[in-house]
Each structure stands twice: as structure tokens, then as C-alpha cells.
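J.: This is what each chain is made of:
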Amino acid sequence: MATTKTNHQQETLEAVIIRFVGDSGDGMQLTGTQFSDTSAMFGNDIATFPNYPAEIRAPQGSLYGVSGFQVHIGSVEISTPGDEVDLLVAMNPAGLKTNLHAVKPGHTIIVDTDAFTKKNLEKAQYESNPLEDGSLENYQVIEVTMTSLTKETLKDVEGLDNKSITRSKNMFALGMVYWMYDRSTDHTIDFFKKKFSSKPHLIEANTKVLNTGYYFAETLELIPNSYTVAPAKMASGTYRIIMGNTATAWGFLAASEKCGLDLFLGSYPITPASDILHELAKHQHFGVKTFQAEDEIAGITSAIGASFAGSLALTTTSGPGLALKGEALGLAMMIEMPLVVVNVQRGGPSTGLPTKTEQSDLLQTLYGRNGESPIIVIAASTPSNCFDFAYEASKLTLEYMTPVVLLTDGYIANGSAPWKIKSVKDMPEINNNIIQVAKENWHPYDRDEKTLARSWALPGTPGLEHRVGGLEKDRVSGNVSYVPDNHEYMVNIRAEKIKRAQNSIPELVPEFADEGDLLVIGWGGTYGSLYSSIKHLREEGIKTIGFAHFNYINPLPKNTVEVLKRFKKIVVCELNSGQFAKVLKLNFNDFDILQFNKIQGLPFGNEELVQKFKQLLK
Amino acid sequence: MDTTVEKKYTFKDFSSDQEVRWCPGCDDYVILRAMQKALPEMGVKKEDVVFISGIGCSSRFPYYMDTYGMHSIHGRAPAIATGTKLANPDLSVWVITGDGDSMAIGGNHFIHALRRNVDLNIILFNNEIYGLTKGQFSPTSVVGQKTKSSPYGNTQPPFSAGELAIGAQARFFARIGGNTPKEMTQLFIEAEKFKGTSLIEVMQNCPIFNDGCYDEFTDKAVRADKQLFVEHGKPMVFGKERDKGLVLKGLKLEVVTIGENGVTEDDILVHDAKEPDPTLHQMLVRMYYPKVTGIIRSFDDVTLEERKNDQIGAVKANSKFSVTDDLFFSGDTYEVE
Ligand SMILES: Cc1ncc(C[n+]2csc(CCOP(=O)(O)OP(=O)(O)O)c2C)c(N)n1
Ligand code: SF4
Ligand SMILES: [Mg+2]
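Residue numbers (the working numbering), protein chains in the order written: chain P, 8 to 625; chain G, 0 to 336.
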């Protein structure tokens, strides 16, 4: 029973940002995901971002129990979930209170008036009812008695308890939004059929409420018109919507299949990295072994042990966990063992802001180990390219016999976007340094001339028995050595090996302009925000601004200095107090490197970036 | 993997070319030699043997074995070994650790390895002191022990390794004196045979920083009277004259003399190492006199890698995904023209 739309006034928009908010139990994540999936299948480009409360079961109706989901859809390229919203759907007073600031003045708010009870208003710390006191007069408020209408709709459906009835009111809201944005309800109805295949009364109930919401919006005079967002121009192919953490997990699955080594993950749960563990734990059918360890140290050391035995081994964590892994990461560097560490960064220091995003672990990642211990550090920059960089991390670790840290962050890890699906057969080859037969005079630290990677002999291989360890080794025999010159030689060659990885990584290609007045530099998860604000300036006619985004942090792309030279001013934008700027200053001291930093646990907003760049261009 | 070994090894096949650097007279030499003698008797291939150690005097051990090995970081060997064994269950994986390595800095990994029952063999060199760092007290040092960091006597009560291990669900626990190489060799062979985590505590003398700490039990002159070497299925009899034995009185073990007060050999408790209930094993471990040695507990149970491999097998058999393409292109995908 799909909905059909009668003729109605319609306005076409390029892009729309919608935020669904309500209590943790109101199903806002599901509502948002349904809307974004439907839009993606319609052909829009999309970006989404969830916002959960940190508490698992926060008291109902409380300000800190608000759960939200933001969707940005467009007929144009969409690179972030967006800042201010065109439509806010608030299922309760607490949701309205905590999200009102994000609504563009004059834009629309849909509220469930049934939830605006005295008790809920008190819990949301409202002194008077905002629906009555005039405080919302700058917005178009659509008041709907959603809970009662849902109850009324379902009064004849059998087998429903009160709780299931009130819980389906989010589908009423979704139905309304589908009508407003001219979206079909088909995908969501199919979803009900799959999800409730053994509970037909729930299929019926949810479909009924969804459709009632849809037709309610159509007949409601309060909604003057509906909008449409045309399909975006995207490369042809097969797509799916993917979350950053899932893309990361899948990148490793792809790498494991390509290189033929089993995947091993040793990990200890931590927000916002746990979803990678959850995802890989599902895929034992590919032979993946996940090991939930007793702590972060056992997470990484079990991975080192698995790598020693010949697995493609990884460990996943967030800032505090990386701190615990430091010593073991040094061991992996010293014994020159393949190992990927994923750090999904969150707000620090210490426990910091676990559910918020930040880029403040860069220096910890680069330098947070004892002794001279350089490793490869790369960073993903969008939810979908987490796949590519997880794959790349696996490739680099196996080809260079060194740990690789992949940095992502809470923003791209939890955000989702369309992913043009990649097949393993189209991914680049992955070489490894495994040897099976002992050549005359073989030693474990014999190096490949080009990459300087040492050879990798796996237990079980006859004739290649050898010992590795954290003590310094003789450059030839690999036996323990305290000889001063040898130590210096080994420190240098380990560093040189990391530098050689420059030969395997792409050069930096600035976007928008090859040369000009201002070069905006970013790295990692800020790509979408920086890109869209610079695009915005270009559309205003400003052509002398270029954009260089780094995915490779150590080593830096070979041509970095050439790119820097071509611009008059350089500004490094990052969600920390200037860590990458420090790295660049350390490497290239001839440049005057400016900074733009934000440390609020939030991504950059378009407006603040545009203002900053305009000011720098003056 | 083919487990039959055609080649007959001798202890030389397991000795590396590295010069052994422990202090003269250290029991670590005894353990090394016992291991090199035990390995040819185990029926495992040399290339399948892996030694993983932490940090300490004892942890230098892998350098002296001509097998695969890793000298890792302080306390973490059980976790590393767990990864190695899970990744390749065909390997024979050994953990070498000290009392500080396993019960201070690595206490967490130690108890969790025992709880999980991965098929590892852990050799604990317990010298009741930090050897490598030159003589501080350890978690097994006794109260009052004077060390560099406790010049007026240690104030921290010790762990008993066996008690801790059995509390952490250890399925196999054995204890042996550092000066009884023949029995030690035999225990290493038994540990390898046992499927699951085996822990062997060696009462290891450190002649430099804690000399004689076990003399009251291990000295040749008193050993027979002060140690009870238990064997599964045999009565727990000890003493030079084999006339002493253990009986259960109420909730306590008691030493009795056969032939006195009407006690006959039939009254003596028979050792059951395979009993799942650890109560009696805990009591044996805790006895001060006699010091109980030999295999105190050896209870067969499913190993972690068996559980994991069974699960992977079952998941594979029921899965619609055999390659990643199947997964990536499944579910809610859509076409863009
Ligand atoms: C992280 C770390 N902390 C401290 C040390 C110093 N350290 C090395 S060995 C050791 C104690 C070793 O004692 P034990 O495990 O009993 O081994 P033994 O030397 O007695 O065989 C200490 C504290 C270290 N190497 N690494
Ligand atoms: S310090 Fe003690 S334990 Fe270490 S080698 Fe010397 S005697 Fe052996
Ligand atoms: Mg010790």
C-alpha cells in the first residue's frame, strides 16, 4: 500500500538539512536513517550524522537524554552533514530546547504537541511552554498531536500494547517529512516487511502510521508547500550508504582477501571505535578472528603475536587506548612487524569528550613512544574513504614491515555517506615480504633494497627459525647488539625505511587552484567542511584560494614543499590547537604558516570558515 | 599440518649459537637444559616451536633456543602468545616469564590467559625477586624479606602463584624445584601434551639477589622430607622412608605417619589431578610443609582456539557470504545511471 501524491504546489531546492530529535527511546536514529536511505536511493547525494546521548538510559524527557540524527541531502555534491537546519522535527520539549539554536531563522519546526506536558516542560527546564509564549515566533511551527493521532490510527490493529503504539509515532513524523520532501514511502515499507517478517501486526501498524502521517501532511493547511530535491550528478555505478567505521572494517576485509592473509583483530572496547570490532566480529565467515582482550595493551600485543604468526593483524582504539598501546607499538616498530593501529579520535585529553570529535591525537601518534620510533601515519577524510585508507594501511604495513597508524575521528566514523561500492578485484595489488625458503646465509633483518623492508619468516617454516625482540639488533645477524655505531645505523635505517614509503604514496594535488593567494591546508576528517566552504567562496567568485588536504602525515607527500611555495599565504585548519601546523613548521621552516583552530568537540562550521578565509584574503 | 616427526632431534638442535649470559650458578641454566632435553621427546617439529617471553633475567630464554622466538616487553608475553596461537593453532607456543613479569606488571594478561584456556605452556621462573633490575622485592617476596627496595623488610604480603592461577581457572598447574632437572624435563613434556593453558612454576634460585630462598624445601639433604611430589592416581606419600602421607581432617589436610596411631597406607589420600573441582588442589598448593610439587592439577577442558575454530566453521557453513563482494553488494544497494 504505497502512497500516491496529489497535485500540489512544489518548490525545487538544491539541498536540504533536516534534523530529527527526541528522547533516546523515540527511534530518531531509525527515522533519520530511513529518510537518508530513501533519499540516497532516489539519487540524492547525502551525508548524515547521529548525535546520541553519552548516557545509555538517560532519564526520559531530560535534556541530556536527547538523541538526534541530522541528514543533508542534495541535488548537488554534499560533503558534510551541514550546520544549520531547514527543518527540525522535535518529538519532545527537551529535543526542541537543545536543538533550536541550530534552526535557520524563519524555517520550519514540527513538534509533537502531546509531548509538551507540564512534566516534560519541567524536565526540559522550560519556565513556560515555548509553543504558547511566543518564543518561537521567528519560526514556522507546525504543531501536530502526533501521539494521539498515532493512537487513533492504531485503535483497530490487534495485538499491540500501549508501548508499541506510542513507539511508532516516529513513523508518523517520518510520513509527514516524506510528503514534505516528495519522497516515496516504499523503501521504508519494504524495511518493515523485512524487519518484522515474523510479526505481521507490526508491519501493518507501522505502515499505517507512516501513511497516515504522509496524508496528514498533505491535507494539513499549515504546510503551504512541499519541496523536491532532484537527483545529484554522481558517477554511475552501484552504491550503498556506509558509515565510516563500517567502511574501515570493510577495507580490512578487502585487504585480507586480496593479500591472502587471515585478518586478526585484537581490541578493547572504547567509544567511538567499538563499532569496528562489532562489525568485524560479524564476519567470521571470511575467517576473521576477533579477540576482545582484557585491555588495550593485550589488544595490541595479541595482534603483534598474530602478526608474528603471519596474520594481517590490527588493533582498534581511541585516544586513551592509544596511550596504553604506546610501548607495544614501539616493540612492533623495533621488530619491524606488520601491524595496523586504528585510532578513531575523540575529544581529549584524558577521558575528555568521548562522544565528540577532535583531531588532537596527532602528536601522540607521531611521537608518543620512547626512543626514536618513527612509523607510518595516515588519515582517512570521509566516511566512505575510510575503506580506502584501511586498505592502504594494510598495504603499507605489509610492504614496508612497519606499524601503520590509521587516524579517523568520531565525526567521520559515525557519519555516513554514499559509497560507490568497490570490488576487491579492482583494488591495487598488495605485496608482502614473506619468505618460505632459507637462502644461503639468510638473516631475519635482511632488507629489500628498494623499500628497506626486512624479510618475514613465519613460525612453521623449516630452516628459518630466528628470534626477534625489543633489544637493539646487529644490522647483519639480527642478534642482540649494544655496539654504538650499530645502534645509530639501525636508528637511521628504520627512519629511512619510513621515508622510503614516500615512493608508494601519491603526490599532493591541491584542489580548486594550483597557485594563488591562499592555500587552505587540512588533514583527516575535516575534508568535507573545508571543501564545502572553499567551494562556497569559489561560487562567490573568489578564485585565488586553493585547498590541500593531507591523508598522508608520515611520511608527507614528496612534493609538499612545491605545493606550499605556490601560495602567498598558508593556513592550517584543524580541530586541535595546531598539531599539524607544528609538524609542517618543523619540516618546512621557510614558510609563514597560519593557523585556524577549533577545540569544542565539534566540526568546523561553514560560516566560521568562510569568514576566516575572507579575512585572510583581504 | 602433518604432526608426525621423522627427524629425531637431540638437545643440540634446540641450542642457539648465542652465548648464555646468566650469572654462574643460576637455576635458569637448569631450566634451559631441561627444556632443550624435553623438546626432542615431545614429537613436535622444531619449526613449529615458538618461545615468547617478557622482560627479566628469565625472559632472555628465547635467545638461547634455536626455535622461533620473541623477547617482547615486560609482562605482555601471555597476550602476545595468545595472538600467535589463535592465528596458528598448529604451533607449540611457550611463554617464558618471571614472578614480576607475570604477577606484577603482567598480572592482568596472566590471569586472563589462564581463564581463557588457550593451549599455551607457561613456564614461570619464580625467584621471589626482581633479578634483572638488581634485586627489588617482587609480588612473591615474603613479608620481612630484605631487598634493595625494602631495606627494613618487605611489608607487602605475597601471592602464591598456584593459588592465584587456580583462582583464575587454571586447568593445569605444576610446581617443581629448580634443582631437579629430571622431573622438570618430564613436566615440560606433560605440559606440552596437555591441551589448554599449562602453568609450571619453577622454584628458581637466584644466587645473586635471593640466594637460598627455597633451600628449606629444595636442598638435597631435606628434599625427600620437605617435598611431596604428587602423581595422578597415586597416594600422596613422601619422606625418606616413604612413611609420611596426607589425610583430610575436617576441612584441613594433615600430615600423618604410616604405622603410627593405626594409620595404614590405605588411609592416605590418592591424588586426583583431573578432578574439575579445584578445592583440594588449592589446599595442596597452599601447604607450606610439605611443599607440594609435581602436577597438582590437570583438568581437561575445551580450549579457546577450539571454541573459536568451531564457531568459525559453523558460521562459514551457514553463511551466504564467501567473498567480500557478496557482502559489499548485499542488502540496500542502489544504482546510479
Ligand atoms: C615497562 C617496564 N617497566 C619496568 C621495566 C624494568 N624491569 C625489567 S625486568 C623487571 C623485573 C623482572 O623481574 P622478574 O619478572 O621476576 O624476572 P627475573 O629478572 O627475576 O627473572 C623490571 C622491573 C621494564 N623493562 N619495562
Ligand atoms: S640475577 Fe639472579 S636470576 Fe638473574 S641471572 Fe643472575 S642469578 Fe639468575
Ligand atoms: Mg623474578
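Possibly wrong hints are sitting among the right ones.
Claimed, not checked - Not close to chain P: a few residues of chain G, all C-beta gaps over 10 Å, as computed:
| id | residue |
| --- | --- |
| 1 | Ser15 |
| 2 | Lys44 |
| 3 | Lys45 |
| 4 | Glu46 |
| 5 | Asp47 |
| 6 | Val48 |
| 7 | Arg75 |
| 8 | Ala86 |
| 9 | Thr154 |
| 10 | Gly261 |
| 11 | Val314 |
| 12 | Lys315 |
| 13 | Asp324 |
| 14 | Phe327 |
Said to hold, decoys possible - Here are the simulated DSSO-like cross-link-like pairs (lysine-lysine), alpha carbons at most 27 Å apart as the crow flies:
| id | chain 1 | residue 1 | chain 2 | residue 2 |
| --- | --- | --- | --- | --- |
| 15 | G | Lys319 | P | Lys432 |
| 16 | P | Lys201 | G | Lys315 |
| 17 | P | Lys289 | G | Lys315 |
| 18 | G | Lys45 | P | Lys446 |
| 19 | P | Lys265 | G | Lys319 |
| 20 | G | Lys7 | P | Lys446 |
| 21 | G | Lys319 | P | Lys201 |
| 22 | P | Lys289 | G | Lys233 |
| 23 | G | Lys6 | P | Lys446 |
| 24 | P | Lys206 | G | Lys36 |
| 25 | G | Lys192 | G | Lys239 |
| 26 | G | Lys315 | P | Lys265 |
| 27 | P | Lys432 | G | Lys7 |
| 28 | P | Lys202 | G | Lys7 |
| 29 | G | Lys319 | P | Lys427 |
No wet-lab data here; the hints were simulated from the structure.
Just so it is clear, CB atoms sit at the ideal spot from N, CA and C, and this is done for glycine as well.
J.: Need the list of violated hint numbers for this structure, in ascending order.
T.: 1, 2, 3, 4, 5, 6, 7, 8, 11, 12, 13, 14, 22, 24, 25, 27, 28
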